[in-house]
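Whenever a hint applies, use it, and build me the whole structure from the sequences.
One letter stands for each residue in the lines below.
Protein chains: 2
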Amino acid sequence: MQDEPEVAVLRYGHRPGRDDRMTTHVGLTARALGADRVVFPDNAGQSQETVEDITGRFGGPFEVELTDALNATIRNWEGTVVHLTMYGERVQDVEGEIREAHREEPLLVVVGGEKVPFEVYEGADWNVGVTNQPHSEVAGLAVFLDRLFDGRELEREWEDADRQVIPMATGKKVVDPDEES
Amino acid sequence: MQDEPEVAVLRYGHRPGRDDRMTTHVGLTARALGADRVVFPDNAGQSQETVEDITGRFGGPFEVELTDALNATIRNWEGTVVHLTMYGERVQDVEGEIREAHREEPLLVVVGGEKVPFEVYEGADWNVGVTNQPHSEVAGLAVFLDRLFDGRELEREWEDADRQVIPMATGKKVVDPDEES
Chain U
1 MQDEPEVAVL
11 RYGHRPGRDD
21 RMTTHVGLTA
31 RALGADRVVF
41 PDNAGQSQET
51 VEDITGRFGG
61 PFEVELTDAL
71 NATIRNWEGT
81 VVHLTMYGER
91 VQDVEGEIRE
101 AHREEPLLVV
111 VGGEKVPFEV
121 YEGADWNVGV
131 TNQPHSEVAG
141 LAVFLDRLFD
151 GRELEREWED
161 ADRQVIPMAT
171 GKKVVDPDEE
181 S
Chain W
1 MQDEPEVAVL
11 RYGHRPGRDD
21 RMTTHVGLTA
31 RALGADRVVF
41 PDNAGQSQET
51 VEDITGRFGG
61 PFEVELTDAL
71 NATIRNWEGT
81 VVHLTMYGER
91 VQDVEGEIRE
101 AHREEPLLVV
111 VGGEKVPFEV
121 YEGADWNVGV
131 TNQPHSEVAG
141 LAVFLDRLFD
151 GRELEREWED
161 ADRQVIPMAT
171 GKKVVDPDEE
181 S
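These protein sequence lines are chains U and W, in that order. By the count of the numbering used here, the first sequence reaches residue 181 at its end, each step adding exactly one. By the count of the numbering used here, the second sequence reaches residue 181 at its end, each step adding exactly one.
Bear in mind the hints are in silico, worked out from the structure with no lab data behind them. Treat the hints loosely; a few may be bogus.
Here chain U is said to cover these stretches of chain W; the calculated rule only asks that three of the stretch's residues, wherever they fall, bring their Cβ under 8 Å from a Cβ of chain U [stated by the list, open to error]:
no. : stretch
1   : 27-37
2   : 86-92
3   : 143-151
4   : 160-169
Okay, derived cross-link-like pairs now, DSS-like style, lysine-lysine, Cα gap no bigger than 30 Å in a straight line [said to hold, decoys possible]:
no. : chain 1 : residue 1 : chain 2 : residue 2
5   : U       : Lys115    : W       : Lys172
6   : W       : Lys115    : U       : Lys172
7   : W       : Lys173    : U       : Lys115
8   : U       : Lys173    : W       : Lys115
In this text, all values refer to a predicted model and were calculated from it rather than measured experimentally. Think of the CB as a built atom: it goes at the ideal place given N, C-alpha and C, for glycine as much as any other residue.
The following block contains the structure:
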């Protein structure tokens, strides 16, 4: 988020077709919950398109990149690397230290697809489990970001949006922010 | 969770094939993050099987049900109904009242699939947005449950598990809980 060291999310692994929706949801969740950027494998162009389309309509700043070098992105990251995995340390035990690290330097959050090689476990500064139960990489990412930012991400403002949802007790209200102001 | 009024998650809408993975992830997220039960539409039998399989291996209690009466389940719910939607009130504004309501009575959390009819918005005690941005029903559910339970769900213990993941800084450790004790 603005005025803080960068948080980027890296989606590790993608099978076109089968994973399109999950990868898209990883990207949209990263955007909605305060990350600055998502990095997808280079075969996830369709998910990139969807996330960029949403950013165009609902605002940014938020970047979507493709890479053919997942391992190098992790290895060469200048900052802290967190790998979310059900085998990792309990998020409630390590989130304080991670929050502190993020005050000083950029944070890369690696979110697994199917098979994550051992190299990723070794390259991470923290392997973190949002529970040690099997559930969803999207759910794990969401809880992790909400805790990392301590809820600040929910107050984030969006620039250059064509449309904005106005919170309502019942019903749907969408406005053009330019006309609103 | 044990010793608290029930929390059930209702997945509203399911397209077999296309939605299998998302619906499964809704169920697994509900289980991992402290809900007692998930209710799927009756065409989501494959997701039911997967979630029951995980519960059999990693423990419970957690129930998975199918229903052909989504609207009636909401209408006849004896307790509080929360509908998660990007058009709803901001979670940070209403979570305190919802937490209070859940101290007294069971809570049904409705998670949308594609098209949620207006009846659901009207039938809910709260329509709640985990951000007013488009992202993922799985991400919204995860953040909502973590906030509802105030992190208590991360300390939950599991009964009748065949296997248990032991949190590790690096690597993977899975044990048979019976042999452990």
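Taking the hints in turn, this is what the structure says about them:
Chain U is given as covering the stretch 27-37 of chain W, and this holds because 5 residues of the stretch bring a CB closer than 8 Å to a CB of that chain, at least three being needed. Given as covered by chain U, the stretch 86-92 of chain W passes the check, having 7 residues with a CB less than 8 Å from a CB of that chain where 3 are the minimum. Counting residues of the stretch 143-151 of chain W whose CB lies closer than 8 Å to any CB of chain U gives 4, so the stated coverage by that chain holds, three being the minimum. Remark: the stretch 160-169 of chain W is confirmed as covered by chain U, as 6 of its residues place a Cβ nearer than 8 Å to a Cβ of that chain, reaching the required three.
Distance check on the hinted pair: lysine 115 of chain U and lysine 172 of chain W sit about 13 Å apart at the alpha-carbon level, within 30 Å; holds. The straight-line distance between the Cα atoms of lysine 115 of chain W and lysine 172 of chain U is roughly 13 Å, inside the 30 Å bound, and the hint therefore holds. A C-alpha spacing of about 16 Å is found between lysine 173 of chain W and lysine 115 of chain U, which places the hinted pair at or below 30 Å, so the restraint holds. Of the pairs offered as hints, the one joining lysine 173 of chain U and lysine 115 of chain W holds, with about 16 Å between alpha carbons and a cut-off of 30 Å not exceeded.
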